[in-house]
Each structure stands twice: as C-alpha cells, then as structure tokens.
Amino acid sequence: MTNRTIQGGIFVEDFYELTQGKTCENTSFPPLAILPLVQGNHNAGRWAVQTGDEVQEEQVLTHGTSDGGVPLHAPVPGYVEAIKDIQLPGGQECSAVFLRFQGAFARTGKKSESRAWESLSPAELLKRIHDKGVLVSPTPLDSLKALPQVKTIDTLVVNSMEPEPYVTLGLNLLEEFAPRVQEAVKILQKIYGPGKLIFTADQKTLGPIQTLSQNFAQVQVKNLPNKYPLALKPILVRVLQLEESRSLILDIPSLLALWEAVVLEKPCIERYVLVSGDSARHPGIYRVRLGMPIAQFLEDAGGFSSPPEKIVLGGPFRGYTIEDLSSPITKDTSAILVFSKRVVNHARPAPCIRCGECIDVCPVGIQPVSLFKSIKAGAWEEAREEGLEDCIECGLCGFTCPSRIPLLEAFKSAKAAHEKEAVHG
Amino acid sequence: MAESLSRTLAPPQVFSDVSTARQNWTIALTLVPAALWGMSLYSLKAGIILALAIGSSILGDFLLRKIHKQGTLKDGSAVLWGLLLGMSLPPGAPGFIPVVGGLFMILVVKGISGNLGSYWVHPVLLTRTFLALSWPGFMSAWRLPFSPTDAVAGSTPLMAVKDSLLAGTGSSTPLTAITSHGIPRTDSALTDWLNTHILTPMNITLPGGYSDMFLGNFPGAIGEGSAFLLLAASVFLLGRRLIRWEIPLFFFLSFSTLTWVFGGLPFGLPWFSGDVLFQILSGSFLLILFFVATDPVTTPMTRQGRIFFALGAGVLTFFLRFFSSAGDGTGTAVLLMTLMVPLLDQGFRKRKIV
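Keeping their order, the protein sequence lines are chains P and V. At position 214 of the first sequence the residue is numbered 841 (the numbering used here), and the sequence of numbers has no breaks. At position 195 of the second sequence the residue is numbered 528 (the numbering used here), and the sequence of numbers has no breaks.
Among the hints, erroneous ones may be present.
What the hints assert, rightly or not - Pairwise CB distance ranges (calculated):
no., chain 1, residue 1, chain 2, residue 2, range
1, P, Q719, V, I391, 41 to 51 Å
2, P, S967, V, S446, 31 to 41 Å
3, P, A1044, V, K407, 29 to 39 Å
4, P, A1043, V, I391, 36 to 46 Å
5, V, G470, P, S967, 55 to 65 Å
6, V, P427, P, P934, 50 to 60 Å
7, V, G572, P, Q776, 51 to 61 Å
Said to hold, decoys possible - Under 7 Å between C-beta atoms, here's a sample of chain V residues computed to sit facing chain P:
no., residue
8, L342
9, V347
10, F348
11, D350
12, S352
13, Q356
14, T635
15, R684
16, K685
By construction, these hints were calculated from the structure, which means they are not laboratory data. Where a beta carbon is used, it is the ideal one built from N, C-alpha and C, also for glycine.
Input sequences plus hints: build the corresponding full structure.
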C-alpha cells in the first residue's frame, strides 16, 4: 500500500470528546414544517401538492425529475398551509411547502419490521432507494446526489473519516449502528456487483472500521492521518488513486439512510444531525424530522451553555453562519455548530503581509495570495493560470490568513462569475 | 470597512489564533526585555532614545493616517518598528536622530507604498542606512556599558577587528584584536567561574571575552548587547510560529559555515578556524536575524524562496563583514537580498497538483 498523504493541509483536533459515547436522541415534531424544493443542491422536481391539501406522514410531496431527481416526502401528517419562496442559509432562493402538523401518524409509534431485500434485483433495489428520496454524499458535509445507475461503478469506498473538526457524525453513528452500516454495504455490493471495497478510517474510526471490515471478504482498510482536508472527495480520490468516474464514495449517514429505505421501506423524512461546539449545552447526535426550524431544533437539543458568537451550518472551514434561525433542517443538514468568541478568533481585516501561510496550507498547490490578486485585478486569464478551477474550496487559506482576507469567498464568487460568463458567451 | 470585524456569513467560520496585529504586538513585547537590558547597560539616555524613536514613529503613523485615510495604530507596526529602530541606534546619538529616523521611517518608507504590507524594503533597515549615510559620526557614538561617567568608546568589537585587519597589525584572533583596541574586558571572574564549575568537567575551556559578548558588556547599539535575551525571545517566537524558522536557520547556517571555513584566514590562522561565536554575538546579527530578516512583507512567499533568501543573506553578510569597509554588514546584506524578492517569488513558485 502506498502511503501517500497530501501536501499542505493541517493536522486538526477532532473534538470527539464533545460527542463521544452519546447515543442518538429524538427531538420533537415541527408544528410547522418548512420543506424547500431544493434539498442540499438537489432539485426534488415539481410539487405534487397544492395549498390546502391534506397529507399523510411519508406521503410524496414532489414528482422527482427524469434525470434522477428524487422525491420529497411529508415528515409529519397535516395540511399544506402555503407554498412560497424562502431564502436558504447559503443565500439561494427557492420554493417551499409550509406543512402544518395535525392528525395521526401512519408509521411513527408503530413497531418497524425488517423486510427481506436479498431477493430483489439490483434495479429494483436502486428504484426503491430513489423512490424513498434517499440522497447520498461522500462526506456528511458535501452536496447530495442520487445513487448513480448500475454498471458504472467498480469501486466502493466507505468514508468514515471526520470531514472537518467537530463533525464526528460518522464515528458516532458507526459506534451505535454498525450492523446497519454492514447491511447497507451488502446492499450496495448487491446493486453494483462485487468490485473493490475500501474503508477509509482516521485515528478514531479505525477500531470500529476494522471490526466492521472483518465481515467482508475482499476489503482494504486505509488508515489516514487526521489531516484536513484529507477526507474531502477530490483529495481522497488522489490519495487513494481512484478513478473518479468509476468510484462511489459514501459516508456513514448516507449508508444509514439507504438502509432505512431498503430494509424498513421508510422514506427519507428524518436525519441525524450533530450538535457540537464549545457553546452547545448538550452536544450530541439528534434524530430530526425534515422541515424542523433550526431555532426549535436547537432548543430541543439543549440550547447554549454560553452566549454563542456564531451558529454554523456545516463545518468550521466550509460551513455558513445561520442568521435566520427559522431556516429548516433539510436533507443535507449534518451538523450545527455553536461557537463562542474564543473559538471564532475574530480579528480586524488588514492588508496582505505576504506571509505565505495560505501557500503552505493549500492542498492543491495553488498560491491563494497570487490568485486573489489576479481576481482583484479582473485578470481572468491570469486567475485561471493561477489555478482558480483547481481550487477545491477547502477554506484553509482563509482560516490561516492572519490578515483575515476573505480568500475562499473571493474564489467562490469568481468561479460563479466565470461560469456565468462561459454560459452567456 | 477596515473597522468591521470578520463577521462574515461565508466560510471559513473560524480562524487561526494568529492575526497580523497580534503578531506585531507579540513580537514587540518579546523585544521589551532586551530593550530594558539595553537601558541598564547605557543609563537613562538609552531609554530616551528608545522613547523618541517609538514616539516619532507613532506620530508619523498618525500623520500618515491623516493623509492616506487608512491603516491603524492598533496593528502594532509603528510601535514594533519604532522599538527596533531605537534598539539599533548607538546610545550616544543625539536626540534628533531617533526623531528624524522615526518620521522618515513612517512618512517616507511606509508612506510611499501606502499601507502595511506593500512596502518593499524593511522600513527599519532603510532608515538605519539613511541615518548612517547622513550622520556617520552620530551613528557611531558608542559608549562603554555600565559606565557612570558615560564614557565614550572608540569603536565596537566588530569595528575594532576591522581596524586591526585594515591596519595589518596581525592580531591572532578577534578577541585579542578587541583588547588591543582598548575595549576593557571584565568577564574574567565570570569566565573563570564557568570554567571551574561547569565547563572543565565537560572538558571544555571557554576563552575570556565570550561571556562579555553574550551579556552585552561591550560598546554597541542599544539593543545589540542582549544576545541572551534576544535568543530567549526567538525561542518563544519560533515556538509560537510567529516568525518562520526557515530564515533564521538558513541565514545562520550559511553565515556560520563560511565564517568557520574561511574566517580564520585573515588572522593568519588555518582553514576551518573562524570564530563563529564571536561573529554571531557581535553587531546586529541576532537582532536582524530574528526580528528584521523574518519580516514576511520583505521576504519571499514560498518556503524554497525563503530558504534561498536566507542562504544569500548569510553569504552576503560574510562578505560584507570580512571584506567591506563597514564593521557590520548584516543589515546591508538583508537589504540587498530584499531586492531579489520579486525574482525569488517568480523562481520558486509553488507547483500546482493536477
């Protein structure tokens, strides 16, 4: 095994001590569930309901799209109070159903039974997973996609690594639900055929992953250092020397959602959300219905132990600050972190002092300082040569910048502007 | 806009605990013990020079902000540079020297470029060069340390060595050159104590003179005489990653290697007998090595670039110290290497990974 690591990056603390040993807790039901049509960059198609409609728990709310857009289901029974545009924490606007909770549950409260799946064909399994609205991602903090079609995949990677500090969701779930993870991998092997199976592990997940891997015949366990951004897909692909188009990298929460869809025939109406950070009173893993307003969720999760300076959706390096706490939990909400001033380390923005810190940490060998200068000068060709398109948006340059220059923000908006230009001519 | 904190919605949400302002203030703070030691070596007059240098630097920064409408005293640069400038002045300099220096440093050197981060020569180095060229007499007004009468000293140890070499008097080592030049040595008691109690059991004998050098008991600039305090400060700064290790390490390596190999030749000694300890403890070598040459603004951005920069500065310091007419060459060497920074940034670009 080649022990390739990455240049740049930083060794990070995982902050697992905050959530270690905590088992998953349920939270209450949202009195008014807000369900955006776009769930984590994934378009759920057209609405199948209208204002005033009564819906059952787990009822389909959208027609998926022909290009693999999976449907959205009702997280609670009730009626559609309104359908209107809302703004998502990332800033984008989209249509959303406001579902008023009332009536009786169809499933909740009843004993769930496991269904046999071994006799289903790969196509049937895949259809069930799509119909149940399951979306998957390579790490809990990356954008969601529907499972790819059969026959294109020959390498399956189970990524248990912590994507960013604090976000130990994979590890927590692995310790609680290892048998389900194991069954989910078997389901995937049935769908995609017996190809290469790789488990990635960091220092903390190595134990549970090694136990898990003993149930598989031909499997590789890759133990990688706790270095950010090693767990992110573009770096992982390079480090594991994968062929990107033929590999499927999945995180632990994706596997559990898939397991529920196949084994319980349960649509994706709930998800696991990690609450952590130094200002969280009860850090841990919570099971939440989609559409739950973040304010109510945080209250259920124990609230704050100290005045929070920032409430962050996602990880500390790539997440967004939530300003509007009425924003809902969506299929891609994996972590909500609450930080005090001490952790955030605000500082006054200052001019670049050419320290080169951003160059040292960049995992793809860009010189962020030079790239920033070309973008500021409007020199597109130069920006491309500096590697604008190679940037994987890990956010380390901005994290280390002593002058607090918003490097990642500049690169993201430059990329967006670039793409727009390319589309319009 | 400059006043708003980094309260962005966009990532990253947390930042490393290093910030430009914190960096400057911490470095300035670590220099304070060495500055205080300088004051105890050269009486209150040294304190006045330091205060004038810092004060005029702050005044210059205030005026510059009136003109440019940007920058802030809170970034700590004016205080750090004022302190460094004061520490590099001779204790006998008249009061207008630090004032002119501080104002020149901020209004001219920093002023031309606009803000913190865009000056292309180190303000302290350029100011020192400007002062030394304009008022060579005042800039060599050395004093004997611990002298109640504020006795005038003819030259620094480095200048004494240079004079003896130029005169061809053929002293056998740098330290004998100093003594023959009339710089008193007072460390025999300390050296003897060290030899009897610590070093002899380890089979080492320390010749007289070095502990004087180490403690600053020789004529020199206010901040040059505290090798032990500067080294202690550097350990702290390197440990906290507030200064980069590449520059001090490779600067020291190239300079000391050349000194060791060739440094004995001018004194009629064989190869590999140069006095490295004397060279690094004398003049402004340590002060510049850790506090000036490490300034990120005037050094290359990539690690390879910085290593080349440091190696070059060491080589130039060696040549200037041994062959030029000036006593110390450390500042000039760094200044010359600074001219190469744009080339080094081009030449040692980081390679993209595709």
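Outcome of the hint check:
1. Q719(P) with I391(V): 41 to 51 Å: Holds: the Cβ-Cβ distance is about 48 Å, inside 41 to 51 Å.
2. S967(P) with S446(V): 31 to 41 Å: For S967(P) and S446(V) the Cβ distance comes to about 38 Å; the hint holds.
3. A1044(P) with K407(V): 29 to 39 Å: holds, 34 Å
4. A1043(P) with I391(V): 36 to 46 Å: holds, 43 Å
5. G470(V) with S967(P): 55 to 65 Å: holds, 58 Å
6. P427(V) with P934(P): 50 to 60 Å: holds, 55 Å
7. G572(V) with Q776(P): 51 to 61 Å: holds, 55 Å
8. L342: Constraint on L342(V) satisfied, holds at 5 Å.
9. V347: holds, 4 Å
10. F348: holds, 4 Å
11. D350: Result: holds, 5 Å to nearest chain P Cβ.
12. S352: holds, 4 Å
13. Q356: holds, 6 Å
14. T635: Interface hint status for T635(V): holds (6 Å vs cutoff 7 Å).
15. R684: holds, 6 Å
16. K685: At 5 Å from the nearest chain P Cβ, K685(V) passes the 7 Å test, so the hint holds.
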